[in-house]
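Turn these sequences into a full structure, and let the hints guide you.
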Amino acid sequence: MIDHQTQTKPPIISAEDLCIFYGNFRAVKNVDMKIVPNQITAIIGPSGCGKSTVLRSFNRMNDFIPNCHVTGKITFHGHNIYDEDVDPVQVRQKIGMVFQKPNPFPKSIFDNVAWGLKINGMKGDLSEPVEQALKQAALWDEVKDHLKKSGLSLSGGQQQRLCIARALAVKPDIILMDEPCSALDPIATLKIEDLMRELSKDYTIIIVTHNMQQAARASDYTAFFTMDSDRAGVMVEYGETSHIFTNPQDKRTEDYITGRYG
Amino acid sequence: MEELHSVPAWKETLVTRIIQICGYSSILFVILILYFLLSEGLPALWKADLNSLFSTRWYPTESYFGIWPLIFGSLFVTLGAGLVSVPLGIGTAVYISEVAPSWTKEILKPLVELLAGLPSVVLGFLGIQVLVPFMRRFFDLPTGLTALSGAILLGMISIPTMVSVAEDALNTVPKSYREASMALGATRWQTIWGVTLPAAKSGVITAVLLGMGRAMGETMAVMMVTGNAPVMPQGLQTIILPIRTMTATIASEMGEVAAGSVHYSVLFLIGIILFIISLVVNVVAFTLTSRKTTRSERLLS
Ligand SMILES: Nc1ncnc2c1ncn2[C@@H]1O[C@H](COP(=O)(O)OP(=O)(O)OP(=O)(O)O)[C@@H](O)[C@H]1O
Ligand SMILES: [Mg+2]
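From first to last, the protein sequence lines are chains A and B. So the first sequence is residues 285 to 546, counted in this note's numbering. So the second sequence is residues 4 to 304, counted in this note's numbering.
If you are wondering where the hints come from, they were derived from the structure by calculation, not from laboratory data. Where a beta carbon is used, it is the ideal one built from N, C-alpha and C, also for glycine. Be careful, since some hints might not be right.
Only part of the chain B face toward chain A is listed, based on derived beta-carbon distances under 8 Å [stated by the list, open to error]:
#	residue
1	Ser179
2	Tyr180
3	Met185
4	Ala186
5	Gly188
6	Ala189
7	Gln193
8	Gly197
9	Val198
10	Ala202
A few chain A residues facing chain B, derived, Cβ under 10 Å [what the hints assert, rightly or not]:
#	residue
11	Met345
12	Val375
13	Gly400
With a cut-off of at most 27 Å between alpha-carbon atoms, the simulated DSSO-like pairs for lysine-lysine come out as follows [as the list claims (entries may be wrong)]:
#	chain 1	residue 1	chain 2	residue 2
14	A	Lys378	A	Lys402
15	A	Lys378	A	Lys455
16	B	Lys204	A	Lys407
17	B	Lys108	A	Lys378
18	A	Lys455	B	Lys178
19	B	Lys204	A	Lys432
20	A	Lys535	A	Lys378
21	B	Lys204	A	Lys391
22	A	Lys433	B	Lys178
23	B	Lys178	A	Lys385
24	A	Lys378	A	Lys475
25	A	Lys485	A	Lys293
26	A	Lys391	B	Lys178
Shown next as structure tokens:
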């Protein structure tokens, strides 16, 4: 089984005893999670159990929330990204993010994708890398004739793929996606899922989703989170998606995926 | 069914009429003001000799009505004020909206509003007591009442207006734009310069123009610190010489002219010029900001 092969591969990023606090409130506690490279890992769980919080801690987006702090370790390329000497800006260049609501900049389609390249100091003609990123995001054919149009003029699904292209352009190792399809219709959703499958050849993807079918369909690994009695989020179970969905070990996981939660 | 129509139709009509009258009356006022301005000011064009009007000498008691020095004076102090206020104003707005921790923000915002509401005479006092003596000592001048003093003071006066409008514009930029940019590995400064400010562009332009408009129309403070000498520029040293603006001229001379005299008409003509300049500024501001919306609207449809 692939299980043994992939489990022996060193994880690309891993959380050790991760706790995340908002002020005094512990939103997430004691998460241990090793992410397998070039696989799609889904994080599922009821609302408020800390999925977004965990996801945002992987590229230090929580830094922007006043009084949010983290204990434990997140190891990426052998470094704890929360070490004093780590520059969060560089972490985010390597670990990109796609948000729940498509959020293209109010700039042209071209400039949306080129922005990430520019901040990385790339100069001159950017049309080559922009085209490449748009192709990777399966958006090129739809927009190639009007790259000067505003990114906001696209449909929701196209906007989300534009945001994916924008994230891909800076060539990250990992892409974090926080419910990237929740604002999209089923067809656009399937498109994004196909795209994720394609991208997982070159990237590692971690996706938060509320959609059980999506997790089952589109991910290789699934982590199930829930809220403990003290309202802190905990990871209940983590493993291959097929195992989690067919043979959950924990009663809470089973209840959740069969829809008996709450 | 009866209850649905319980508001009598005539009440609706009455309210509509009252609102209509309010709307029309403001149009009427503008037209009346314009008519008054034109009917008092335009005769200057034939009452005073045109050669005299467009000369460089303003000395009404001897019938020299050259308005160039005044136009120049106004433009000079306004643009000078802009050089002071645009970087400082936009910088402050960016600081308050993007950088400052929330407690600082809560102190600074009302403070800026307070400054914006300060009567300009008060700032004129400050100018006379602090700025003017400083200028005199710093440049070793016979008088500190100079164009530069006026530009700096007007810059200070227009900063609060600029800050509060620009800060509002920056605040309306959705947080998601900033997050998207930061998540790509942009620094905070790159995000401000490349994403937030461009997204707030039309509001920031409006802020600049409103601030400059305030500087252009300012009268009291500028009268107190510029020395009020209607002279034409002579090279770079003009900035440390006295100068006089259009507004200051009208304010200081209107009280002592005979109604209907040539001098009186010329003062109104200056008013017309001020009006035209502010009209042009407004039209430019309007097209700059509205062209942007129509373009995006076109794309969105
Ligand atoms: N900025 C914040 N400040 C304070 N508390 C927060 C903040 N963001 C989230 N929380 C709290 O942390 C807990 C986890 O929130 P989080 O957004 O991570 O949940 P989630 O699993 O992503 O939920 P959902 O499925 O609804 O998106 C919640 O109790 C929430 O109230
Ligand atoms: Mg969430």
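Taking the hints in turn, this is what the structure says about them:
no.: 1; hint: Ser179; verdict: holds (4 Å)
no.: 2; hint: Tyr180; verdict: holds (6 Å)
no.: 3; hint: Met185; verdict: holds (7 Å)
no.: 4; hint: Ala186; verdict: holds (4 Å)
no.: 5; hint: Gly188; verdict: holds (3 Å)
no.: 6; hint: Ala189; verdict: holds (5 Å)
no.: 7; hint: Gln193; verdict: holds (5 Å)
no.: 8; hint: Gly197; verdict: holds (6 Å)
no.: 9; hint: Val198; verdict: holds (6 Å)
no.: 10; hint: Ala202; verdict: holds (5 Å)
no.: 11; hint: Met345; verdict: holds (6 Å)
no.: 12; hint: Val375; verdict: holds (8 Å)
no.: 13; hint: Gly400; verdict: holds (4 Å)
no.: 14; hint: A:Lys378 / A:Lys402; verdict: holds (15 Å)
no.: 15; hint: A:Lys378 / A:Lys455; verdict: holds (7 Å)
no.: 16; hint: B:Lys204 / A:Lys407; verdict: holds (24 Å)
no.: 17; hint: B:Lys108 / A:Lys378; verdict: violated (33 Å)
no.: 18; hint: A:Lys455 / B:Lys178; verdict: holds (24 Å)
no.: 19; hint: B:Lys204 / A:Lys432; verdict: holds (18 Å)
no.: 20; hint: A:Lys535 / A:Lys378; verdict: violated (37 Å)
no.: 21; hint: B:Lys204 / A:Lys391; verdict: holds (12 Å)
no.: 22; hint: A:Lys433 / B:Lys178; verdict: holds (23 Å)
no.: 23; hint: B:Lys178 / A:Lys385; verdict: holds (12 Å)
no.: 24; hint: A:Lys378 / A:Lys475; verdict: holds (25 Å)
no.: 25; hint: A:Lys485 / A:Lys293; verdict: holds (15 Å)
no.: 26; hint: A:Lys391 / B:Lys178; verdict: holds (16 Å)
In the structure shown, a violation is registered for the earlier hints numbered 17, 20, in ascending order.
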